[in-house]
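Engineer: Each chain is listed here by its residues.
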Amino acid sequence: MNDAQPLLTVDDLRVSFATEEGTVQAVDGVSFELAPGEVLAVVGESGSGKSVTAMTLMGLTRSPNARFEGQAHYKGTELIGASEAELRRVRGAEIAMIFQDPMTSLNPVVRIGDQIVEQIQEHEGVPDQQARERVVELLERVGIPRARERVDNYPFEFSGGMRQRVMIALALSCNPSVLIADEPTTALDVTIQAQILQGMRDLREETGAAIILVTHDLGVVADIADRIAVMYAGRIVEQGTLDEIFYDPQHPYTWGLLGSITRVDKPRPERLPAIAGLPPSLADRPEGCHFRPRCPHEFAQCTNVPPLEARVEGQPGHLDRCWLSAEEKRTKREVRPGEIGLAAKERTPA
Amino acid sequence: MSVEATEPAAGGAAAPNGAPLIEVDHLKVFFPIKQGILIEREVARVHAVNDVTLSIAEGETLGLVGESGCGKTTMSRAIMRLIDATEGTLRFRGEDVTSAGRKQMEPLRREMQMVFQDPFASLNPRKRVGQIIGMPLRLHGSDRKGVEPQVRELLGKVGLHPEHINRFPHEFSGGQRQRIGVARALALEPRLIVLDEPVSALDVSVQAQIINLLDDLQDDFKLTYLFVAHDLSVVRHVSDRIAVMYLGKLMEVSSAEELYTKPIHPYTSALLAAIPIPDPEENRRRERLVVSGEPPNPINPPSGCVFHPRCPRATDVCREIEPPLARYPNGHLAACHHPMSVTQAEVAATTKDPSSPLTAGEELPEPPQTGGEGVQP
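Going down the list, the sequences are from chains A and B. According to my numbering, the first sequence holds residues 2 to 351 in order. According to my numbering, the second sequence holds residues 9 to 385 in order.
Here chain B stands alone, though its shape is the one from the complex (with noise of 0.2 angstroms):
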């Protein structure tokens, strides 16, 4: 899939090619704490997400990264609707389905599957791989002879052997056990995929047959992937398109090469920088920017840009005024007042996008002192 990102889509960044068919408006996710023996008064509120506006488009695979607690988790459920929303609107091929019940989410948890991080706990142990793989098309009303059919087809598919239909989950390594995993998310032929962390589990070498796998399938089925992981190096291989995620909000969208060549948010160009790189000599020629600090308490975020606490570049308008997502070339999106690696002639054509947070202030990004040079990662 490539990416032409020119014409700017309504709500999303970077302009997916094609029809959307997640589109996220605005969309928040609290999880209340309460407090009390009786009456249980909510005393404070985890704000997972808040306020993102993202749509993925058909075909499309949307890397979702962050680090633990920056709610990309909670956005790739509520995208599911495993967890409901609290503002915002969620659209799937264009029908609102924020707060559809259970009748009309039905037919449509046929088109979106999710692959789990744990191939170790998302597969019951008691149950045979026939029977796992088995379980969705069952549900949507095959009977039990149909079944065997279709499942020694998809174990082919993920690279198993059409024989193992019989065996437990423990009797395959983790790789296998992913690939089962992977092979139970495509019984019901879905359009969208959720990826939550499917290789952080697995060693090097098969995290890598996984990917390939992953890829061909998307090629072979037409699938559209949400790929959610924890760092940038994984995510990279297979994305077209990447969103960075920073306690609840948007960061950085960009075309997945641009991303890694041109960081403008310096919260990604931090998460690039920390990625050891496998090659000594490269790794005693770079500066590191170690980012000191750990994400604060999305109980209460702090004000103006999340990130300025931990921010080398942080000042004053960083504390008091949310950046909103300016708008750069290729459909570039970052919420920074200070970005990197862009010219300055660039930072004065950028435009505040309508995918920004509503509390986001108007203030675009201020031009860089020197020349534009930014700082390279």
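Excised from the complex, chain A in its bound form (with noise of 0.2 angstroms):
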């Protein structure tokens, strides 16, 4: 991280849909920063609310029975109630996105080079041919080969890999500051997740861009994030620095999501460590700690909403929503020596 200006600032961001279920508060209360170049992983499970945050920024969850609350700034305009016109030239120049799924978010009848060439041209008042060019270099910058032939296939002349890299290239094509990558490889395999990966590392390097990374995957923040923020049930209950949270979690939902991945690199486990239970209904969310019913450290406190906030002494970015104490945190979140988890908690059927 740096001390420049963050790059973009979302301050108490809430949001809701009307449903037949009732209100779902899909996200309550986000707040974060956003410094030029760094990564920011937003990691959480579905229904916590990270996808609807990031969706919200660009725009794309408005409809008749959304509201929103809070605010975003990105470089002195207002997101949230900017107008559609504003909205259209930030979009794709300035904040750009990656999609979870390439299959589906390029347009199946049209060239991917003329899906490029229409957002550069969106933005920039590029000649054809220039704006062709330049689809070629950003085509061979992130790694397919033949460029120069395969601007004029369809997307479905691509394997998913191969898509998922001309998902990049258009949301770089305008030099966004800010790209937000909406779980960019949950869809491809492992080895092609890796060069993906390594891709997006070099972008960054390359172009300067911050990157907000959604993910649930803890395995690919560990490879790329500079810092996290761990949601749950529409609210961040944990943020820090990729070592703060991988070393020193001060949540207890976050002490079983690091217990519960499996590990390649160590003995096996007997039995794989699982946090009981669901996550809330988002119509129908627990008062107080939302995590509350799933927690084995539950206490009187519990009730109350623990506002998140600096606890940790010497970390002064490393916020947390859990009013148990440092000590008994340090203590509780050893399931056995030197290894971090969530202990069991009575058991009912889920």
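Heads up, none of these hints are tricks.
Here are the computed lysine-lysine pairs in the DSSO-like style, where the Cα-Cα straight-line distance is at most 30 angstroms: (1) K165/B to K346/A; (2) K267/A to K230/B; (3) K230/B to K346/A.
Pulled a few chain B residues facing chain A out of the computed Cβ check, cut under 8 angstroms: (4) G183; (5) E290; (6) V298.
Just so you know, the hints here were simulated from the structure itself, not pulled from any lab data. Where is the CB? At the ideal position from N, CA and C, for every residue including glycine.
Both chains come to you apart, so use the hints to assemble them.
Structural biologist: Given below as structure tokens:
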């Protein structure tokens, strides 16, 4: 991280949707800053609000039954209340997005070159030939072989990994300062995932773009992120640098996440540690700490919502939402010597 | 299940204990590509499974791992007799079922069940849970009254509330739906369950719940699992042995533990190296072998070793001669001319395993040049 002005400041963002089952509070008071050139990983499971947060920044969750509160400032532009015209100027040119599924996020009946040219010309008055040249360069840069021939191919002529590269080329076409990648490698095979992650690392070096990486995979996070925000049921429950989250995690949910990943470089445990129970329904969330019903360490104070604040001495940027004291956390998170995890809770059927 | 793996078993890798439940012998599944308007001619073939020999012992879990398009799903479908084999034989508890008809298969269908990857697509949205789980029972002769208590019991076994018997699938989360899928597979008390990426669609914390459930059920019901997965991380926790496939061929077969500490095939090593380790320091330290390129087209598989176009160790021999499955200590099999993580002595002592593809050459692997430390993943 550096001390430069943050590129993007999100302040107390709340997103709710009116549904038949009642109001679904998908994002509940999310705040973070993104510095130029940094990779912020937003980690959480399905329904944690991580994708809704990312999409709201791009104005992609707007609909008659959605309600927004809070702010998101990008270089002096307020994104949450921005007009559609303002958003069109920012989208793609300043903030670009890579979606999870490269199979469905490209237009299947338009040649990939034309799709990228369209985006370039939407933002810059570049003549056709020049825009096309730029597309070929972009495709080469993201590692598509024989780019000059392939620029006229349709999406179906590419494999999943290649399509994701096309998506990345599309996202980079106008040199954005912020790249939002929503599970960019989830749909890909591991060897291809490694290639794409390597590519994203290189691109950050070359272009200095800041990246918001939305993912559920802590392995990918350890590979590429500078800072991490862990989300659970619409709230950030812990936020800190990569090393703070991995080596000094404060929130029991983070312990559970860290404990439940399978590791190929360690002897296998007899049983996989799991977090018992299920995330709450966003239309009917428990009072106080949302993780309370699944947390083995719950106590009286947990019925009050713990604020997101710095609770560890010497780590001013390390915020969490757990009432336990720092010492209690240190002893409770060790399930075995040197191993972080979440202890078992009295189990009720799922 | 522990795998002692010392005796060479007939046509099988790593000699599983107990009688083989499934024996696959030089199995090939090709899909024809046809062209022409009135007279369709076969113009090419997709070599989905190309000469694979494997066996699964009673009570064992075999992990079948490979990337998209490697033939693992075709293989599992062929074992279930949902796809016909082009060549080779398939035996279920010693009985040849390669071309068994509907009649002959019917009693066997009870014994082999499947759990699918996508718990959203594999349950009929218009049927209640009770009907979904009860259907296999009804099909195999239980009457309507007898089914309900059984379904309730099954729900309890997979960790769901028996009262939910009248709910619809959409009322459940992904993990709960996968439990319903498991309950349906269990209904007929099968011997074999083919699990086709049963946890890939689930969140990490829920994945662990389902894996643990499968583990418990295996102990309770003495089940045999074929666990199909696209990467090596999850499969390790359930498998006794693991078979790694690439482009329709077996690359390596080994006991689950040894595969992770001693990958012999460079492809296995690449698969392991591609999994990011959730530990930042470890990650910074680790030298990553990122294989370039993508799997080639299975219509026209490369000559020699199918992995050679992407392999960092490939030489001329790999381009020309298909490596046989060489047998290393502990019944560890690998099809590679330039094996990793093995000593010179181990390489010198290898023999060609009878499960090698028929087209494979006789060339056993070359001993590594230096001492034999190989390259650690």
